[in-house]
Amino acid sequence: MTIYLPIAELPVNIFTLLALGIAVGFISGMFGVGGGFLMTPLLIFLGVPPAVAVASVSTHMAASSFSGTLTYLRRKLVDVRLGLVLLTGGLTGTLAGVVAFMLLRRHGQLDLVIAVTYIVMLGTIGTLMVAESLRALLREWRGEKANVRRPGAHPWFLRMPFKMRFRQSRIYVSVIPVVTIGFAIGFLGALMGIGGGFILVPALIYLLRVPTLTSIATALMLTLVTMTAAILMHAVLNQTVDAVLGLVLMVGGTIGAQFGTRAGQALPAEKLRLLLGLLVLAVGLRVAVDQILTPADLYAVSIDEAAR
Amino acid sequence: MRRLAAPLMLLLLVLAGGDARSAEMVLSLSKARVTITSNFTGDTIVLFGVIDPGEAARPAPQDVIVTVRGPSESFTTWRKERFLGIWVNVDSRSFLAAPSYLAVLASRAPELIASPETLRREQAGLDNNRLLQRIGSDYADVVPQDPFRQAFLRVKQAQGLYFERPAGVEFIAPNVFRATIPIPGTAPVGAYEVVVKTFADGTPVSRGTLSLEVAKIDFEQTVATAAQDHPWLYGLATALAALGVGFMANVAFRRD
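Keeping their order, the protein sequence lines are chains A and B. Using our numbering, you'd call the opening residue of the first sequence number 2 and step up by one each time. Using our numbering, you'd call the opening residue of the second sequence number -3 and step up by one each time.
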């Protein structure tokens, strides 16, 4: 059964879209990532114009992150205070990212910068996560005790001034690194057209040492706010939000996210981190392969502006 | 039956108002408006044409080339080159006001119908359509062998929006022809131009044009116009709908 998408201006199979929503929703609920870095390329593959894909995915991400945030809020796993501090940096970062996006597009190298950023970010984060979680699993397998966090063992950047206590996350750290992380996520998110959850979760876990589940829950809350802002921004500036596409995706996505959230809680934290690390690494490799392999056609055609 | 009725009617029309001075044509489309609704997956339109043979001394047109052009858009064609192991866009060419949809339907392969010069002048055949490029500060069409031009045609053909069918025009009687114009589901919305040219012994004889419209209606149109005219409202409504769906799913699946 096909459905015509009024803004994307093409017919697609409704079941393909639903399945896509459920699969990506499952992953986003499980790992607390928005899923944009998976969904956007898949939609473009289906023939949806990139501008419409990026804008419409934000509606799907808003819906599934809201659903996930509610679940985590009820389980009291969201660190609202940490989320708000991250947001102050995040919103400034988004603005800087939008400006960088415009400058790079003017010089015609936006695609390349996006691809290289993807490869570097995903490759680094994926490798770090996989290595760390494998070490943790190995320790457990050998029956060794995990390192207990000692209060005095904070790295230098957490010992900077303006310290703040985040009770939910059980950390007492300087706000400077928190705001900086928020800024970086906002910047990369705007530049790469993603929610940034898959970068934020490891950053919270490894840099700020927030417990895994709290990191996931707080990242979901952040995704919710940034994606709701993104819907409005895209709708007003580009008119590229396809409500029909978004609705089908979000119905599948929210259902998938519910199961994903449960699956995420059923798994031990180390295994969850290993899986997310592998996923991030796989997407990074995929982008790298695309850039290195000789393309089928050395020429590509894009529609100028017109915001179609 | 409707397919037969149309050419018969046209024949009557031609006989009634015959002007023998030049070979005239009467054209008719099975519908002049393609409407896009939620189950739209593409459509086909049938074009009927009747050629008035004119005075017996004149050669009867032997060939027909139908060209359908969708609304114009500007495109950029990029060329990639390997740089430090990565494929990078190194060069680009702007195609200004190129048709977003281009169908060439002919009674036989265009190169058999007339000389390359004539075809080029008449813009008959996929390779002979004028595609204006911006080269530096100049605007011009280039030779058909230009790699950017060929790449542009190749990509558009792969997208199913450009095509040439050498057997797309069929004569159902000596002076009556029929052409089927496929409109794919991804066809852009807007005004389309149908140009029919007839040839006899390699020279153009007559030409006729029709217009065709592809438009969204009902729900599709409502959504598209709302997004255009009330972007704030549309954005807010979409955002609220998203939150609503998220909330409902959360409540529906609540277990604790």
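If you are wondering where the hints come from, they were derived from the structure by calculation, not from laboratory data. Treat the hints with caution; some may be incorrect.
As the list claims (entries may be wrong) - Under the rule of at most 25 Å between Cα atoms (straight-line distance), these lysine to aspartate or glutamate pairs were calculated in the DMTMM-like manner: (1) B:K27 with B:D214; (2) B:K76 with A:D112; (3) B:K76 with A:D298; (4) B:K212 with A:D305; (5) A:K272 with A:E141; (6) B:K76 with A:E141.
Taking the hints in turn, this is what the structure says about them:
no.	hint	result
1	B:K27 with B:D214	holds, 18 Å
2	B:K76 with A:D112	holds, 12 Å
3	B:K76 with A:D298	holds, 9 Å
4	B:K212 with A:D305	holds, 22 Å
5	A:K272 with A:E141	holds, 11 Å
6	B:K76 with A:E141	violated, 49 Å
Consistency note: the structure conflicts with earlier hint 6 alone.
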